[in-house]
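Trainee: Just so you know, the sequences run in chain order A and B. So in the numbering used here, spot 178 of the first sequence is number 178, and the numbers just go up one at a time. So in the numbering used here, spot 59 of the second sequence is number 59, and the numbers just go up one at a time.
Note that these hints are calculated values from the structure, not bench results. Please read all numbers here as calculations on a predicted model, not as lab measurements. Backbone N, C-alpha and C fix where the C-beta goes; we use that ideal spot for every residue, glycine too. Check the hints yourself; a few may be wrong.
For the chain B half of the interface with chain A, some residues (derived, Cβ under 8 Å), not all of them [said to hold, decoys possible]:
| id | residue |
| --- | --- |
| 1 | L133 |
| 2 | M137 |
| 3 | S153 |
| 4 | V161 |
| 5 | I176 |
| 6 | E179 |
| 7 | K200 |
| 8 | V211 |
| 9 | R258 |
| 10 | G261 |
Label pairs and their computed distance ranges (CB to CB) [said to hold, decoys possible]:
| id | chain 1 | residue 1 | chain 2 | residue 2 | range |
| --- | --- | --- | --- | --- | --- |
| 11 | A | M249 | B | T222 | 55 to 61 Å |
| 12 | B | K208 | A | P79 | 51 to 57 Å |
| 13 | A | K90 | B | E242 | 49 to 55 Å |
| 14 | A | K90 | B | S262 | 23 to 29 Å |
| 15 | A | L242 | B | T219 | 51 to 57 Å |
| 16 | B | D10 | A | G228 | 56 to 62 Å |
| 17 | B | G39 | A | K109 | 49 to 55 Å |
| 18 | B | S262 | A | V26 | 43 to 49 Å |
| 19 | B | G17 | A | G180 | 34 to 40 Å |
| 20 | B | E119 | A | D258 | 44 to 50 Å |
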Amino acid sequence: MNFKNIFGFLKKDNEEERICKKCGQVIKYSLLFENDMICPSCNTYMRMGALERIAKITDDGTFSESDGELVSENIIDFPEYEEKLEKAKKASGLNEGVVCGTAEIHGSKCALFVMDSNFMMGSMGSVVGEKITRLFEMATKEKLPVIGFTTSGGARMQEGIISLMQMAKVSGAVKRHSDGGNLYITVLTDPTTGGVTASFAMLGDIIISEPNALVGFAGARVIEQTTGKALPKGFQRAEFMLEHGFIDMIEERGKLKDTISEILVLHKREVS
Amino acid sequence: MENANITAYDRARAARGSGRPSAGGYMKMLTENFLELHGDRRFGDDPAIVSGIGYIGSKAVTVIAMERGDTIEDRMRRKFGCPTPEGYRKALRLMKEAEKFKRPVVCFIGSSGAYPGIEAEERGQGEAIAENLYEMMTLKTPVISVVVGEGGSGGALALGVANNVVMLENAIYSVISPEACATILWKDSSKAPDAAEALKFTAENLYKFGVIEKVIAETERTTEDIAAELKDYIVNQIELREKMTEEELLDERYNKFRKIGSK
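My request is simple: use the sequences and hints to build the entire structure.
Mentor: Next up, the structure:
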């Protein structure tokens, strides 16, 4: 599908109410969306769905989806996978955990992928890997910059080794895109962990993170159990990653579009 | 393959067992005149990765192996072969050096995965693995990877972006350990044998999925026999790739992964 009007899809006048998990404030969806899905009373960043993100980041009517029809199959015959996929489709309103396409950001054309934590925690199976790989291959050919919003629990165990191999597949496509002199910006959002951190999330020329996003490789509980040590305050948060030199900047949600646009403009090349 | 009555979880136990040589053990059995090279030139030297230069058959090679260690003290020091970012960065440094001197790279994989530690996260475990995947894909020299024990998730793949991946019959290679998988799915780690079946991580399965190119039989064979076949196989695979152009070599590696889970 090529949804020309995402605002229509999201029902801007939605009266449905959401509760902030942090402070308990009840907020009308339309107000919350207007406020970038940030709680107006305690400033907590709620997780954004892929379509909400696309609506906030791209110029109205410019997003054109690619490979939206791809759906996952139970390739290794894993127990209860079909049921999980059905639930995820309902929870997210999407066919899979990433939405890919092209769009304009303040008039600059780019390729875009946005992961969605409502779809099996944004886990990466073969369709997520395939869609992102195709996007990078298209962007390499078209000499387009790629903007990627990550949120993921890591590789999807229901597809076993095939999921793991997507880390190498996508990283290879990112490398070819980079070798072509093209720009890749990643925006890390809460949470970005496991096999996604250990592949394309950490491969951006410029890596931006939302404030307080959980960003890391190993799970906190596994680390505690393995080492028997208490984790330091703020461990694996965006601020921790910035302090240790692994991301370029932390940007507030409301300023992301302008910041990305500035970077895109600065990297514009004359097309001969 | 024979021994159809061996369960996937039996294979996992065999792959982890101390009765079989470690990845480093196989590396040393195969490599003559091995000269160990240490350090990532950035922060430290990770003893979970043993690497250096030497000969496999007549081929001068760079070899990189996970090493779980010997005695209890040695195993603690080597974190049971679970690499820290320094280990992956040392591996990449040696791969880049191999590329410069046109030496093939042979990696030996066998540990439960990348080390989950506070310092490992502080020094960028995720970034280190990502960088290896990214750089290995375009390394302009043949890369052969051997999974001899447990191939644990992203930490194994960080030495596994190869032109050809070969596994021993009882080795496993998985996105997650069967214990962790059972805990997440059924809140019960004692159901690990069921998770092991579901994950389809045996060499036989991976061969069927097209993730690996070769399985080396282990049943009723001595370690010496297995090592001898592995050595012949590696030398042969290197020779095949010496005849390729640089473009063919890199396309082969890219397409090997590109086709996995493609639509």
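Trainee: Return the status of the interface hint for R258/B: holds when the least beta-carbon distance to chain A is below 8 Å, violated otherwise.
Mentor: holds, 6 Å
Trainee: The hint names I176/B as touching chain A; please verify it with the least Cβ-Cβ distance against 8 Å.
Mentor: holds, 5 Å
Trainee: Would you settle whether the hint for K200/B is holds or violated, based on the nearest Cβ-Cβ distance to chain A being less than 8 Å?
Mentor: holds, 5 Å
Trainee: Holds or violated: is there a CB of chain A closer than 8 Å to the CB of G261/B?
Mentor: holds, 3 Å
Trainee: Does L133/B pass the interface hint, meaning its C-beta sits closer than 8 Å to a C-beta of chain A?
Mentor: Nearest chain A Cβ about 4 Å off; hint holds.
Trainee: In this structure, is the beta-carbon distance linking E119/B and D258/A contained in 44 to 50 Å?
Mentor: Check failed, 36 Å falls outside 44 to 50 Å.
Trainee: With 8 Å as the cut and Cβ atoms as the points, is S153/B at the interface with chain A?
Mentor: holds, 6 Å
Trainee: Please verify that hint: E179/B, Cβ, nearest Cβ of chain A, below 8 Å or not.
Mentor: With Cβ-Cβ at 11 Å, over 8 Å, it is violated.
Trainee: If I claimed the Cβ atoms of K90/A and S262/B lie 23 to 29 Å apart, would that claim hold in this structure?
Mentor: Because 27 Å falls inside the window, the suggested range holds.
Trainee: Please test the hint of 56 to 62 Å on the beta carbon pair from D10/B and G228/A.
Mentor: violated, 30 Å
Trainee: Using 8 Å as the Cβ threshold, decide whether V211/B counts as touching chain A.
Mentor: holds, 5 Å
Trainee: Take the shortest C-beta to C-beta distance between M137/B and chain A; is it under 8 Å?
Mentor: Interface hint status for M137/B: holds (4 Å vs cutoff 8 Å).
Checked against the numbered hints above, the structure breaks hints 6, 12, 16, 17, 19, 20 and satisfies the rest.
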